[in-house]
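S.K.: Chains as they are written, first to last, in full-length UniProt numbering: chain W, 1 to 158; chain B, 1 to 158.
Bear in mind the hints are in silico, worked out from the structure with no lab data behind them. Incorrect hints may have been included.
Said to hold, decoys possible - 20 Å max Cα-Cα, derived SDA-like pairs, lysine to any residue:
1) W:Lys56 x B:Asp45
2) W:Lys56 x W:Ala9
3) B:Lys42 x W:Val134
4) B:Lys115 x B:Lys88
5) B:Lys88 x W:Cys72
6) W:Lys115 x B:Glu153
7) B:Lys157 x W:Ala95
8) W:Lys115 x W:Cys72
9) W:Lys115 x W:Ala95
10) B:Lys56 x B:Asp105
11) W:Lys42 x B:Leu128
12) W:Lys24 x W:Ala95
13) B:Lys115 x W:Arg38
14) B:Lys42 x W:Val138
15) W:Lys56 x B:Glu154
16) B:Lys115 x B:Glu50
To be verified - Derived, one-sided and incomplete: chain B residues facing chain W with beta-carbon distance under 10 Å:
17) Val62
18) Lys63
19) Thr103
Using N, Cα and C, we set each Cβ at its ideal position, and we do this for glycine too.
There are 2 protein chains.
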Amino acid sequence: MSYSIGQVAEKLSISPYTLRYYDKEGLLPFVDRNDAGRRRFKDNDFNFLEVIVCLKEAGVPVKQIGNFIDLCMTGDTTLQARYDFLAKHEQKLVAKMAQLQHTLDFLRWKKWYYKTALQAGTESIHYLPGTNHVDPAVHAEFERLVADGGNPEELGKI
Amino acid sequence: MSYSIGQVAEKLSISPYTLRYYDKEGLLPFVDRNDAGRRRFKDNDFNFLEVIVCLKEAGVPVKQIGNFIDLCMTGDTTLQARYDFLAKHEQKLVAKMAQLQHTLDFLRWKKWYYKTALQAGTESIHYLPGTNHVDPAVHAEFERLVADGGNPEELGKI
DNA sequence: GGTTGACTTAGAGTTAACTCTAGATTCTAT
DNA sequence: ATAGAATCTAGAGTTAACTCTAAGTCAACC
Chain W
1 MSYSIGQVAE
11 KLSISPYTLR
21 YYDKEGLLPF
31 VDRNDAGRRR
41 FKDNDFNFLE
51 VIVCLKEAGV
61 PVKQIGNFID
71 LCMTGDTTLQ
81 ARYDFLAKHE
91 QKLVAKMAQL
101 QHTLDFLRWK
111 KWYYKTALQA
121 GTESIHYLPG
131 TNHVDPAVHA
141 EFERLVADGG
151 NPEELGKI
Chain B
1 MSYSIGQVAE
11 KLSISPYTLR
21 YYDKEGLLPF
31 VDRNDAGRRR
41 FKDNDFNFLE
51 VIVCLKEAGV
61 PVKQIGNFID
71 LCMTGDTTLQ
81 ARYDFLAKHE
91 QKLVAKMAQL
101 QHTLDFLRWK
111 KWYYKTALQA
121 GTESIHYLPG
131 TNHVDPAVHA
141 EFERLVADGG
151 NPEELGKI
């Protein structure tokens with residue numbers, strides 16, 4: 001069974017332009033061509049494509065993905081290097097997810113800030129008296145609610 | 001207390017160039033200037049800067065962050081719009097984190113794939129007999145190990 | 001046999017988000 | 001008082017990752 005570039009693009013939900021660009025950048029050395037020079041993807045090629053898509057999602061730059069594919073094409077002498085590459089990007093991804101969790105926590109506190117302002121009809125309930133500046137105690141109040149078992153996601157819900 | 005662009009850049013670990021670029025894009029309308037035209041950041045400005053950094057981390061494009069700041073400068077009539085904006089990006093972030101968890105799961109399965117190949121000294125232990133194509137049963141085997149209580153993170157560790 | 005649509009390449013164009021340069025001004029420290 | 005560092009603006013340059021165009025080839029259908 002083989003697939004045209006259009007069929008693969010459809011399956012992966014990316015454009016044929018992008019697939020050709022990846023090929024140009026050396027990400028698809030494993031793809032065969034027919035007599036007319038057209039790309040013919042094999043079933044096994046999806047194992048590579050899956051990895052490429054995964055690394056893209058993980059935020060790995062195209063050039064580095066190309067390095068990994070090079071290792072794959074070289075054979076068993078690069079097994080350790082391939083393992084190390086994946087382990088490195090696993091760790092980067094874990095760190096990124098932890099960072100995003102902090103970002104999410106912050107978004108939820110700001111949601112609560114606007115929820116309470118909305119309920120009061122004005123943001124000024126959060127200001128220090130006689131100023132336009134936010135009272136630091138407001139954040140402390142939110143933190144107290146969370147510490148008392150409040151769910152940050154629920155606290156901000158309207 | 002007020003701060004120069006260099007001091008703010010230092011605190012936020014971003015370059016003064018980037019801060020000026022954000023200003024040019026309308027993200028910093030709240031920043032005062034001294035008589036010589038130099039930016040003077042106030043303590044309260046860090047409340048805005050925190051939000052800008054947070055939205056950046058969440059992957060919100062600079063232009064959209066500018067829209068949000070515009071809402072902030074307009075006053076209490078935009079409280080609902082600001083809440084909705086944050087709620088929308090909270091949901092996007094939750095979706096992205098779920099996606100990244102799948103990406104992480106995939107990376108860990110591939111790590112296990114290379115760990116077992118390394119232990120065997122060759123990737124060919126994963127191939128269908130007489131081919132260079134990966135046996136689909138290999139992934140199924142990994143899934144079985146996970147279903148039997150294996151920790152995907154541990155299974156791939158060397 | 002002719003038309004339509006998918007494919008090919010090389011190379012140009014686009015977009016976002018910086019990042020830097022040049023030339024002028026201003027602040028800080030001796 | 002002056003040297004050196006930091007700041008200002010306008011605008012040019014950079015980078016990554018596409019995205020498209022042009023001109024041509026190939027395959028399928030009526």
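S.K.: Hint by hint, note whether the structure agrees.
M.R.: Each hint, compared with the structure:
no.: 1; hint: W:Lys56 x B:Asp45; verdict: 36 Å, violated
no.: 2; hint: W:Lys56 x W:Ala9; verdict: 15 Å, holds
no.: 3; hint: B:Lys42 x W:Val134; verdict: 12 Å, holds
no.: 4; hint: B:Lys115 x B:Lys88; verdict: 41 Å, violated
no.: 5; hint: B:Lys88 x W:Cys72; verdict: 40 Å, violated
no.: 6; hint: W:Lys115 x B:Glu153; verdict: 39 Å, violated
no.: 7; hint: B:Lys157 x W:Ala95; verdict: 18 Å, holds
no.: 8; hint: W:Lys115 x W:Cys72; verdict: 52 Å, violated
no.: 9; hint: W:Lys115 x W:Ala95; verdict: 30 Å, violated
no.: 10; hint: B:Lys56 x B:Asp105; verdict: 26 Å, violated
no.: 11; hint: W:Lys42 x B:Leu128; verdict: 15 Å, holds
no.: 12; hint: W:Lys24 x W:Ala95; verdict: 31 Å, violated
no.: 13; hint: B:Lys115 x W:Arg38; verdict: 36 Å, violated
no.: 14; hint: B:Lys42 x W:Val138; verdict: 19 Å, holds
no.: 15; hint: W:Lys56 x B:Glu154; verdict: 24 Å, violated
no.: 16; hint: B:Lys115 x B:Glu50; verdict: 42 Å, violated
no.: 17; hint: Val62; verdict: 16 Å, violated
no.: 18; hint: Lys63; verdict: 19 Å, violated
no.: 19; hint: Thr103; verdict: 4 Å, holds
Checked against the numbered hints listed earlier, the structure breaks hints 1, 4, 5, 6, 8, 9, 10, 12, 13, 15, 16, 17 and 18; every other hint is satisfied.
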